[in-house]
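Peer 1: Spelled out, the chains give:
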Amino acid sequence: MVPLYMAFLVGGLLCVIGQIIMDATKPTITPGHILVGYITGGAILSGLGLYQPLVNLGGAGATVPLSGFGHLLVQGTLKAVEQKGLLGAFSGGVEAAAAGITAAIVFGYVVAVIFNPKG
Amino acid sequence: MPGRKKRGQQTVVFDNPPVLTAWAAVVGPKEGEGPWGQDFDYVLDDYLYGEQTWELAEYKMLRETVKMALNKRNLLPEDVDLLLAGDLLNQIVASNFAARDLEIPFMGLYGACSTMAESLSLGAMLLDGDYYERVVAAACSHHYTAERQYRFPTQQGVQKAPSAQWTATAAGAVLLEASGSGPGLKGVTVGKVIDMGQTDANDMGSAMAAAAVHTIKTHLDDLNLESDYYDLIVSGDLGQVGSSIARQLFVRYGIIDPNYKDCGVLLYDQSQAVGSGGSGCGCSACMLCGPLLKKMQKGEIKRLLLVATGALMSPVTSFQGQSIPCIAHAVAIEMD
Amino acid sequence: MHTPEQKIKEIEKQEYEDLINQAKPKPNLARNMVWAFVVGGLICMLGQWMINLMLSRGISLADASSATSCILIFLAALFTGLGYYNELGQRAGAGSIVPITGFANAIVASALEYKREGYIFGVGARIFSVAGPTLVFGFVIAVLVGLIRVFLS
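The listed protein sequences correspond, in order, to chains F, D and B. Under the numbering used here, the first sequence has 49 at position 49, and the numbering climbs by one with no breaks. One rule links them: number in the numbering used here = place in the second sequence (from 1) + 119. One rule links them: number in the numbering used here = place in the third sequence (from 1) + 455.
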């Protein structure tokens with residue numbers, strides 16, 4: 001089990017990197033760019049085999065940030081490729097990330113039905 | 120004789136200056152908590168103003184503001200010859216809808232946040248041209264309708280840049296008449312579109328400062344006025360960042376020590392977390408139709424130059440990486 | 456290539472740019488970094504605490520991670536609806552954007568925002584207006600990596 005403080009440190013550092021990028025490039029890089037950048041960066045690092053060590057070290061500190069979501073997509077794809085070959089390249093990523101994506105859509109919809117935007 | 124009333128490069132003066140006989144301003148809750156809360160005719164309790172959507176609230180604000188201004192002169196909408204109004208929404212729907220309800224002949228304007236000066240300028244020209252007796256000039260903006268159209272969904276957790284401005288929830292309307300008692304509209308300087316290559320939509324004050332100073336400089340030159348002729352030169356919504364740049368540009372262009380302030384800075388308290396200050400059509404509209412004209416009436420300000428500033432980009436042109444073209448129109452209002 | 460007028464215009468724009476860069480307030484990077492670190496770290500720590508709890512009940516790591524993501528997304532959605540996440544984001548910056556809760560916030564904020572345009576073309580169509588691009592790029596890279604693996608083996 002990864003100790004809590006390691007998750008705090010790794011997760012906190014990943015967020016600080018995002019903050020530095022945003023503040024240094026204001027106004028070019030928006031939160032939307034950060035989301036895309038982290039998922040893309042995480043996926044590429046994961047494909048190169050460089051993200052797993054970070055996950056081993058920081059646990060949720062590496063998987064909860066969106067880069068971890070990119071890692072999940074790529075690892076799911078690679079696993080599926082081993083089992084199914086070419087088809088796996090297309091099915092594996094979404095299968096691995098299905099729970100998160102579905103949760104986001106469904107909770108997003110439900111919240112929109114229940115609440116009104118403030119202001 | 121063509122152009123008989125034109126002076127210099129961009130300025131016109133009126134033979135019979137139209138009179139601002141009545142005015143009204145309605146503002147949102149945040150603006151009501153600011154330093155001028157007492158000077159507005161009505162402060163909304165919430166941003167919906169009893170409507171289903173923010174867009175409907177915005178148009179209702181404009182409609183009610185026009186009615187309040189007319190009420191002060193015991194006039195009805197049918198007594199007015201023309202409504203000139205604009206706002207920030209796509210297709211200026213707030214003004215279109217308000218005009219539908221008011222049933223006043225209507226011309227919609229888009230000058231972004233410079234709309235109040237644009238509507239006053241056109242209205243004054245039409246009155247001095249003897250086309251009409253009574254014209255209403257108005258403008259409005261709503262914080263949340265602007266935010267969702269130009270920036271992010273309102274509930275997304277986004278840090279605001281310190282230079283970013285807060286779109287005011289406010290509407291202002293002025294009844295201009297060919298004759299009557301009140302401050303007179305002596306002349307206007309119609310601005311050129313100035314683009315200094317700025318692209319930062321979170322810092323429109325800086326982009327607009329150049330246009331504001333260009334118009335002020337042109338106005339003073341065209342009429343051969345000293346820079347302290349006006350008791351107050353007030354820009355529309357440059358905010359703190361933009362107005363500090365404007366002050367530096369005054370020095371550069373030899374405008375010595377003008378009595379200069381900015382509506383975006385005036386509208387809120389420092390403590391209200393509005394970034395660099397207020398913005399939006401309603402910002403200059405409500406400051407004019409609230410505190411500023413009141414001060415003129417009391418004689419605290421005799422000569423006022425309102426320089427409303429507008430950033431003329433759209434979200435599409437921003438996404439396409441284009442710079443922000445800016446405009447400023449100056450309206451000279453004097454109390455005899 | 457440039458006429459003299461264009462050159463003068465370029466110089467004027469550059470001078471203006473310099474003027475603005477002096478006047479424009481910079482974000483308070485140190486304070487923002489501390490906020491991002493603490494808030495982002497705490498969100499991840501909360502995730503780790505849930506994972507550890509589930510692991511100790513004998514749930515597999517993969518399932519525990521997925522379940523944790525779902526719970527965090529739920530919490531972010533709820534706090535966005537209540538109007539708190541947006542206020543946290545004003546201070547925490549990247550600390551509340553980078554974690555998966557930021558992804559959920561972007562989705563829920565878009566859905567809420569367009570509610571008044573109806574459930575199909577408002578909520579349904581706009582729900583991914585901010586977060587959609589992340590999925591596009593995530594999927595594309597994942598498939599690319601998969602294809603590379605297929606052709607290398």
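To be clear, the hints were calculated from the coordinates, so they are not data collected in a lab. Predicted model, so just to flag it, every value in this text is computed and none were measured. Yeah, the Cβ is synthetic: ideal placement off N, Cα and C, and Gly gets one too. One thing to keep in mind: the hints can contain errors.
[Claimed, not checked] Residues of chain D clear of chain B, computed beta-carbon distances all greater than 10 Å:
id	residue
1	Arg123
2	Asp134
3	Asp198
4	Leu201
5	Ile211
6	Phe271
7	Pro272
8	Ala329
9	Asn378
10	Lys413
11	Lys414
[Unchecked claim] Restraint-style ranges between C-beta atoms, simulated for each label pair:
id	chain 1	residue 1	chain 2	residue 2	range
12	F	Val110	D	Pro434	27 to 33 Å
13	B	Gln477	D	Gly169	19 to 25 Å
14	F	Glu95	D	Asp220	52 to 58 Å
15	B	Gln477	F	Val110	44 to 50 Å
Peer 1: May I ask which of the numbered hints given earlier this structure violates, with the numbers listed in increasing order?
Peer 2: 6, 7, 8 and 13
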